[in-house]
Amino acid sequence: MSQAIVITSGKGGVGKTTTTANLGVALALGGARVVVVDADIGLRNLDVVMGLENRIVYDLVDVVEGYCRLRQALIKDKRVDGLFLLPAAQTKDKNAVNPEQMKELIEALKEEHDFIIVDCPAGIEQGFRNAVSGADRAVIVTTPEVSAVRDADRITGLLEASGFEKPELIINRIKPRMVARGDMMDIPDIIDILAIDLLGVVPDDDYIVVSTNRGEPAVMADTSRAGEAYRNIARRIRGEEVPFLDLSEKETIWSRLRRLMRGN
Amino acid sequence: MEITQDVVFKGSREGLYLILNAKQDFEVIKEKLREHLKKSEFFFKGAPDVILETGEEGFSLDEILEIQNILAYPFGLKLKKVKHREKAPKREPQTERRTVRSVPQDKPRESLGSRVTERPRYTRDITGVLPDTLLYKGTVRSGQRIAYDGSVVIVGDVNPGAEVRATGDIVVMGVLRGLAHAGAEGDTSASVVALRLEPTQLRIGDVIGRPPEGERSAGSEPEVARLRDGTIVVEPLEGVRWEGDR
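Quick mapping for you: the protein sequence lines, in order, are chains A and B.
Residues 1 to 264 in the numbering used here are what the first sequence spells out, letter by letter.
Residues 1 to 246 in the numbering used here are what the second sequence spells out, letter by letter.
Among the clues, some could well be false.
To be verified - Below, a list of computed lysine-lysine pairs in the DSBU-like style, where the Cα atoms sit at most 35 Å apart:
no. : chain 1 : residue 1 : chain 2 : residue 2
1   : A       : K92       : B       : K83
2   : B       : K23       : B       : K83
3   : B       : K83       : B       : K32
4   : A       : K78       : B       : K38
5   : B       : K39       : A       : K76
6   : B       : K39       : A       : K78
7   : A       : K92       : A       : K78
8   : B       : K38       : A       : K11
9   : B       : K83       : B       : K38
10  : A       : K11       : A       : K103
11  : B       : K38       : A       : K92
12  : B       : K39       : A       : K110
To be clear, the hints were calculated from the coordinates, so they are not data collected in a lab.
Let the sequences and hints guide you as you build the complete structure.
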């Protein structure tokens with residue numbers, strides 16, 4: 001039974017695209033057939049994060065407008081089998097597609113793939129409405145900041161109003177040390193406000209910047225903490241029970257040494 | 001020479017020329033015009049007033065009003081005047097000279113006054129009236145698309161996510177980091193020249209090429225990309241021999 005999952009947030013810059021790319025890779029590494037769809041028409045990024053930018057010939061708008069077949073526009077990932085990207089158009093805008101067309105497109109993708117992960121643009125306008133139409137499941141990404149949580153709350157309301165019964169939450173970029181000091185919103189605080197199920201917590205990880213710039217999603221690196229978190233989230237999406245990562249950073253002699261050498 | 005296309009847009013100093021083939025069925029023309037405008041909506045946004053050129057046949061007043069309506073809604077273009085073209089004088093293709101003119105953007109630009117001689121690759125009826133080369137000054141940024149029926153010269157950079165499409169050649173007097181498509185209607189002799197050629201993707205005719213993975217092009221010298229035996233080959237511009245060179 002294939003399912004379409006929209007990754008959304010309301011606020012920009014909280015990690016929707018990173019989350020989409022990493023979950024797509026993690027699910028495909030687990031053996032599923034996955035398509036990641038960039039619904040951010042006019043501001044496409046997913047192709048860059050996945051390192052597939054130079055392979056784009058056709059895009060989502062071309063498919064919708066009938067300039068090419070769906071299969072022609074799907075770009076096969078260069079590292080992971082069973083993973084495909086449907087890129088957004090860069091020279092069009094959100095109005096190039098309507099929700100009905102998106103729905104049809106997602107239905108068509110479901111025929112041959114297990115997971116369709118849609119990267120939603122920031123905002124609550126047409127682009128958001130396009131991205132959520134056709135999705136069976138919604139995942140909201142937020143960071144532990146009041147502004148991001150506020151927008152996540154707004155999005156939760158909109159999603160519930162448009163028929164998503166149980167949106168799920170990913171809290172991104174948690175800094176355990178700051179939380180421990182009481183300088184950052186804690187996970188229970190966020191859950192308390194949003195009152196939705198927690199799908200996962202992703203620690204802040206410098207490696208994400210490196211991986212984004214290289215076009216190699218972090219889940220592919222065994223050493224990345226964020227990558228590990230995304231692998232766990234992918235398993236939860238597939239229905240497994242996976243305990244949450246222990247984010248409290250234990251001060252071993254080695255981590256202390258590393259920290260001192262990094263100078264923080 | 002026959003005009004092969006029914007709907008052609010050309011930038012010129014006076015404004016945007018719209019050349020319609022009046023011999024074609026009017027319904028077909030309307031449909032093609034809508035399609036053309038829709039495809040390049042962004043290019044036409046903020047474009048200057050349109051001058052309609054009708055060839056020797058011409059349109060009826062009702063037909064012109066209909067064209068005016070299509071341009072105005074939903075594309076926001078204003079029809080400024082209608083030109084009825086006389087039969088073009090015969091010219092010798094070998095000695096043909098083509099003027100390069102800049103595209104009118106927000107403000108009218110001075111004509112360069114420079115002349116470029118080019119070997120005749122294709123001759124069209126309209127070449128005597130309209131410039132074959134579009135000169136664009138400025139950075140072409142992500143999401144911007146320049147499409148032109150003819151050759152394109154960009155004085156500036158073409159950034160990743162930007163697209164330049166020309167039925168002829170493309171010359172970038174700057175860094176080409178985005179996508180360039182030369183010979184977009186199948187001209188396999190078209191080339192792409194850039195002071196620094198670091199494209200996301202190159203297309204010539206219907207061949208698509210991308211730079212090898214992982215390799216950052218180290219070259220800082222001008223390069224040219226052309227088709228050789230069906231693949232896109234990039235070589236330093238210096239010392240390159242062009243077809244017809246003796």
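The hints, checked one at a time:
| no. | hint | in the structure |
| --- | --- | --- |
| 1 | K92(A) <-> K83(B) | 32 Å, holds |
| 2 | K23(B) <-> K83(B) | 16 Å, holds |
| 3 | K83(B) <-> K32(B) | 20 Å, holds |
| 4 | K78(A) <-> K38(B) | 34 Å, holds |
| 5 | K39(B) <-> K76(A) | 27 Å, holds |
| 6 | K39(B) <-> K78(A) | 31 Å, holds |
| 7 | K92(A) <-> K78(A) | 26 Å, holds |
| 8 | K38(B) <-> K11(A) | 31 Å, holds |
| 9 | K83(B) <-> K38(B) | 24 Å, holds |
| 10 | K11(A) <-> K103(A) | 24 Å, holds |
| 11 | K38(B) <-> K92(A) | 10 Å, holds |
| 12 | K39(B) <-> K110(A) | 29 Å, holds |
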